[in-house]
Each structure stands twice: as C-alpha cells, then as structure tokens.
Amino acid sequence: MIALCDGNNFFAGVETVFRPSLAGRPVVVLSNNDGCAIARSEAAKALGIKMGDPWFKIKHLEEHAGLVALSANFALYGDMSDRMMTVMAGLGFSQLVYSIDESFIDMTGIRGDLVARAHKVRSRVLQWVGIPCCIGMGQTKTLAKLANHIAKTAERKPGSFPPHLAQVCNLASLTPAELRAIFTRTPVGEVWGVGPKISEQLAAGGINTVQDLVQLDVPTVRARWGVTLERTVRELRGQSCIELDDMASPRQEIACTRSFGQTVSELRPLIEAVSSYASTAGEKLRKQQGLAGAVRVFAHTSPFRPGPRYARSMVVPLRRPTADTSELVTAAVKGLQAIYEPGHQIAKAGVMLLDLIQADKLLQGELNLEPEERPDRTRLMTAVDAVNNRYGKGCVHVATTGSTGRPSEWSMKQERLTPQYTTRWADMPIVRA
DNA sequence: TCTGGGGTCCTAGGACCC
DNA sequence: TCTGGGGTCCTAGGACCC
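When we follow the UniProt record's numbering, the leftmost residue of the first sequence carries the number 1, and every step to the right adds one.
The hints are simulated quantities; they were obtained by calculation from the structure and are not laboratory data.
Any given hint could be a false lead.
[Claimed, not checked] In silico lysine-lysine, PhoX-like type, Cα no more than 25 Å apart, as pairs:
| no. | residue 1 | residue 2 |
| --- | --- | --- |
| 1 | LYS157 | LYS50 |
| 2 | LYS57 | LYS348 |
| 3 | LYS45 | LYS57 |
| 4 | LYS197 | LYS45 |
When you get a sec, could you build the whole thing from the sequences and use the hints?
Take a look at the structure:
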C-alpha cells in the first residue's frame, strides 16, 4: 500500500501560516522575476486564475478583487517543506520526498485502520506545521496520486465525490462498483503521466475518463503511445510498475538557469551571470557529494517576443570530473564565449552540470603528464561553502560574478518578497503577548 | 512593457564499430 | 541492376512532472 501526502496550495499555504490575515483571501505566489503565477489559494482559483498565468495579465485583480501577489520565497518554502515531511513520515515505514510539497510513503505491512491513521497524521501536520494537506492511498503510486486528487476534489467541491473521501481517500478500500463510479467521473487528464498532448490524442479516440483508459487493451496502448502510457494503464489496474527505489536515485544533472530582470546584449554582464549560475550549481553539486564530467551553458532571446530568435548552447567537457567552482566557472565562460554573438537581446541564460558521479566513486587512476601538479582544492571548496553558509550567499565568490550585493542589470526582479521567517535571524517573527 | 525553474524518461536518427 | 547484421553511443526533441 502506497500513500501520497501533499500540502494544499503549498506556497500560498506557507505564506498564510506567517500572515494569518491572508486566510480566505485570493493569494498568488509569483515565479522568479515576478513573471507568472506558480501557486494560488482557493480564493485565487475561484477568480479564474490559472497555473502559469502571466502576472501582467492578472495584475488588474489586485485592485478589483483584492488579489495579493507575493514573490516566491524558496528559502521559506524549503524550510517549511522539511518540517512538513518530517511529520508526514510518521504515516508509514519509508518515505520518498517526491517534490517540495509531496511525498510517497510506503504503508505496506501497517496494521489497523489506515484511513484513521492518515487522518491522525493529517491533523498533526496541520497543528504542528500549520499546513492543510490531503492523503491518497492505493495499491500503486499512480493510484495513490489519483486517490490524492480525489481527496482534494471531494474537499474542495462538495458533491463531486462521496464526502467521506474528502481529505483522506483510500482507493483500495472501495468496492469494484464504487471504484468504477469514481473512475467514470474523473477526466483522464487527471491521471499522473497523462498530460495535455496525450489527453488530446486520447479524446480524439473517444477516451475521456479514467474508466475509458483502464479498459483499453494494453498492446494497443503500447503500440500507439509507447511504454510510458502502458505503465500508467497497468498501474491504474493495480500492477506496480514504478518502484520507489527508481525514483530515489541520485540526480543525473544539476541546473541553474534564470531569466534576466531585463534583457542583456553585452558579453561582460553575461559572463557575470553565467559565472554566478555556475557557482550556485557547484554548491548544489558539492552538497550531494558529486563531481561533474561536463558543463552545458546556454543563452537565448525571449520566445515570447516577435523578431529574430537566438538560442545556442554548448557542452564543454571537463578534463576530469570536478566540483571545483573555479573549474566549473572557467568551463561555463569558455562555452559562453564560443556561442556568444553580439547584438541579441538575451532574456535568459543558464548552466547545467552533466555526467554526474559520486565523489567516492572516482576510482579511475590517472597518469599525470602535466609538469605541475594541480592542487586538490576540495578543502578550499568546503571552507568557501562553510563561510557562505554562515555569513550569507555569495560572501566569498569568484571575481567574474561581479560585485555581489549590488543589483546588476541581469539580476531578477523580486518586488514582493516576504521575510525568510524561519531561516534568517533578522527575519524571525516576534510574538507579543 | 510584462510569460519560471528544475527535473525525468523515451524515441528516433545518425555516426560509428566489427 | 544487384551491397548484411548486429550492436553502441550520442544528440535532439518531445512529453511529462511539480
């Protein structure tokens, strides 16, 4: 038995924990650069705001409907996520944190009333962390995800599903007839792994509901849509095809990419931006004790603007796997210089670290033909990370990132940022009796 | 004027190997 | 006129997820 627990409207929910006056109000959290809505409170959804709606298109609701818009505060969400996950873990034996707001929990072998247990964990998360969440259970991950969707929908839209399925829904405890009724009411696009494209193709073939999909012939699904959708169909039928272990494997790549606050066409600020992204990516790499074998750097103009497009990228192999910031920055800048062309309004650039391995897996010896031994700077990097962790991000940095603290033309817009209540001493909320 | 960031997996096609 | 079979690796692109 697998459970999927997930925080409701997580980012908006976290902001509400620290500003209770937001409860019940329309709230959106904006992406980096205050570009578009990436989280919405229930009241914001009721205003018709969609996931990914650009801010400039919904801005008028600020005045006319009391919409509150906040810049994404990932330091805060990440910390609150850790707290929520810790409490959710009590539901079962093992937990796989799947995203910032949801985790799969293996409940195989847990005895007693699973639904009652889930309700208990749910109210504990609400009381201890302040975040309302929903829990779905089923024989497979896909069924658990679907159960979670039903738990949420039953809570949000009374009458859509039987009321006892609200907040906690265990599909495995239903009779075949009850299950069929639920599958028949649920659009196929709600299934984990069925996105807009496949939904459209399915609809063209008369497949509209989960029940329609489950009844499809497996070889047909395989032939027409491939192995991914076949697995989804099998999972919906209760046959497990996606193991928790598969999903827990270490990262295969690390990226740091950003849209700029305003477009950039000169090489110098681009070098600053790319150097800074490579440094951040290097920090993430060291955090997971990894080494990168290659660096990809890219830059492109806005895909939303008319006119000539420019989009180039390049992979720069590293002579040997490394987690040394200066080597990563050097490679990224080298790639950037190779793809750079003057005269373009660059809107976004990024750095990706590829061919990752664990540092302790580097077994290959090396015949050193270089006249000078290159110093191992692992300890230097550890010290740099420690200093930055203690005194603030970017406190020690490579010179090509430019001076930190000063906002540059490429730095992102965050005009509605809330305090980092739980991760910065100066921002700690003060309670007065 | 103004449209995020970070991932995964699968497939097809080309280059290359013996 | 007529040119194999079996395999790997790499890349680009598409689709999906949150």
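Holds or violated: are the alpha carbons of LYS45 and LYS57 at most 25 Å from each other?
Answer holds: LYS45 to LYS57 is near 15 Å, not above 25 Å.
Is the Cα-Cα distance between LYS157 and LYS50 25 Å or less?
Satisfied, since the Cα-Cα distance of roughly 17 Å is no more than 25 Å.
Can the restraint linking LYS197 and LYS45 be considered satisfied, given a maximum Cα separation of 25 Å?
Holds - the C-alpha atoms of LYS45 and LYS197 are around 23 Å apart, at most 25 Å.
Does LYS57 pair with LYS348 here, judged by a C-alpha cut-off of 25 Å?
Roughly 21 Å separates the two Cα atoms, so the pair holds.
No hint from the list above goes unmet by this structure.
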